[in-house]
Amino acid sequence: MSIELLIALITGAALFGTGIYGALSQTNLVMIMMGVELILAGAMINLVAFWRYLHPDNPAGQMFVLIIMTVMAIEMAVGFGVAIARFRARGSVEMEEATELKG
Amino acid sequence: MMTAQMLFIAFFGLAAVWFGIVVFRTFSMVRSALALLFSQTALGAMFLSMQVEFLGVLQIMMMATEMSIMAIFMVMFMMDPGGLGEMDMTHQKRLSLGAGLVAFIAAVAVAVFVDWGPVTGTPPDAAQQTVDLGLELLGRSMLIFETAGITILTAMIAATAVAIQPVKRNGKP
Numbered sequence: 018m019s020i021e022l023l024i025a026l027i028t029g030a031a032l033f034g035t036g037i038y039g040a041l042s043q044t045n046l047v048m049i050m051m052g053v054e055l056i057l058a059g060a061m062i063n064l065v066a067f068w069r070y071l072h073p074d075n076p077a078g079q080m081f082v083l084i085i086m087t088v089m090a091i092e093m094a095v096g097f098g099v100a101i102a103r104f105r106a107r108g109s110v111e112m113e114e115a116t117e118l119k120g
Numbered sequence: 107m108m109t110a111q112m113l114f115i116a117f118f119g120l121a122a123v124w125f126g127i128v129v130f131r132t133f134s135m136v137r138s139a140l141a142l143l144f145s146q147t148a149l150g151a152m153f154l155s156m157q158v159e160f161l162g163v164l165q166i167m168m169m170a171t172e173m174s175i176m177a178i179f180m181v182m183f184m185m186d187p188g189g190l191g192e193m194d195m196t197h198q199k200r201l202s203l204g205a206g207l208v209a210f211i212a213a214v215a216v217a218v219f220v221d222w223g224p225v226t227g228t229p230p231d232a233a234q235q236t237v238d239l240g241l242e243l244l245g246r247s248m249l250i251f252e253t254a255g256i257t258i259l260t261a262m263i264a265a266t267a268v269a270i271q272p273v274k275r276n277g278k279p
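Chains as they are written, first to last, in our numbering: chain A, 18 to 120; chain B, 107 to 279.
By construction, these hints were calculated from the structure, which means they are not laboratory data. Idealized CB from N, CA, C, for every residue including glycine. All clues stand as given, with none of them false.
A short list of chain B residues far from chain A (calculated; beta carbon distances all over 10 Å): (1) 144; (2) 163; (3) 170; (4) 232; (5) 233; (6) 273; (7) 274.
Only part of the chain A face toward chain B is listed, based on derived beta-carbon distances under 7 Å: (8) 27; (9) 28; (10) 33; (11) 42; (12) 55; (13) 73; (14) 79; (15) 80; (16) 98.
Here are some, though not all, of the chain B residues that point toward chain A, as calculated from beta-carbon distances under 7 Å: (17) 142; (18) 199; (19) 205; (20) 214.
Looking at chain B on its own, in the form it has when it is part of the complex (with noise of 0.2 Å):
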């Protein structure tokens, strides 16, 4: 039983780290935002194979959401969303490379050689994860919860101030 949900989590893992390589490698638009939608949907998998239900399943929900949205935004701003000229839009390639190997390698150091203590065998069952989750949401972190809140709202209108084309006194754009 513990094998092979350690095979599962080794598996949705990988995906998602592939996954995440395929975002920087193709030269189409559309196919990075799915290849990001497949790695976060990977990662809920991930979630859901580490027996924390509610987590995996709100995290594919949003991200399915979130990477559509991502998806028409690539289509509407690209030139080339297909990618069929294969316009290199990279630069200081080394750099960037070095800085993604040198934060995996520390990542990973720390991953190996901290001493995490002692591991907790079960977690909670489904039902009882989200119940604990709700008393915990709607009790001592309710100040943090409505603060998140509150930010995606400013966040969410904010956004739209930014975005909304001037209109001149005399009513024309």
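Chain A on its own, in the form it takes in the complex (with noise of 0.2 Å):
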């Protein structure tokens, strides 16, 4: 195996990794989806490896790395749409305090 190929996988294993811990461990919903962000990262990095390691003639594996691009701007767009929505139902945006949903 390639070793540029090995590195770009444990580079996507160790974001994917960081963002687990962030999206786990932080309270606030802004530092979530900073967490969810990087794990997106990390499987871009890895389509984009596999892509140009693995199968550079198929154009098609750069439409995977589209996709992941679409996916963290929505995030984005619906994550900062409920923060603004609980900022002003309630002041804040950490979620320790969001228990309403519990049963």
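With the hints as a guide, bring the two chains together.
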């Protein structure tokens, strides 16, 4: 296996792990979104590396990266929409205070 | 040539991971947003080092805008955006650290132990990559591309609808 591919995959794994830590440990909605962004970035680097080193002749591989970028943009738009609504209703985006839906 | 390329990929990969960790280590929310911006930019530079020019430039341009917006929202929403009070905003730290480590080790194990097959040497040049991607977007993958566009539009309308201040019938909020 190529060393470059391995470096890219390990970078993706590290970003994924960091993102999981951030998404689970943070109490602020915007910080949780940052964790999710890092998880998606980890997935993106994997897709780019697979396209570049395994199938550079097939442009469909780059298409998947564009889809991940779309998901990142959608996550930001919806997340900030929810954050604004929450801030307006409760004056804070701290998720520990959002217990209304608890059974 | 290959060694220089490998060094650049490793350097930008390390930078991306380091700034990703800094996001959750600083008390300042603005610094967090900037660290995420640097992490994503390092990722874009890594794409460029891998000779994936179009996606590298797209990543840097898109993330620069996205993270700037994020920094503005941080300042708007946080009680202490500069982090001067050093307020702790974390919970279930041990569980999160464990989950992150398990995810990292599992992903590295898959990366190392799976046989990924033969590696191809050189990708098409930058102009050819862009041509190929353009033909792919407007050809075989057009439905996926259009669906992504419509989904973004729907998300924007939904986000605006959720965020908009409700107005009562007499015109007062």
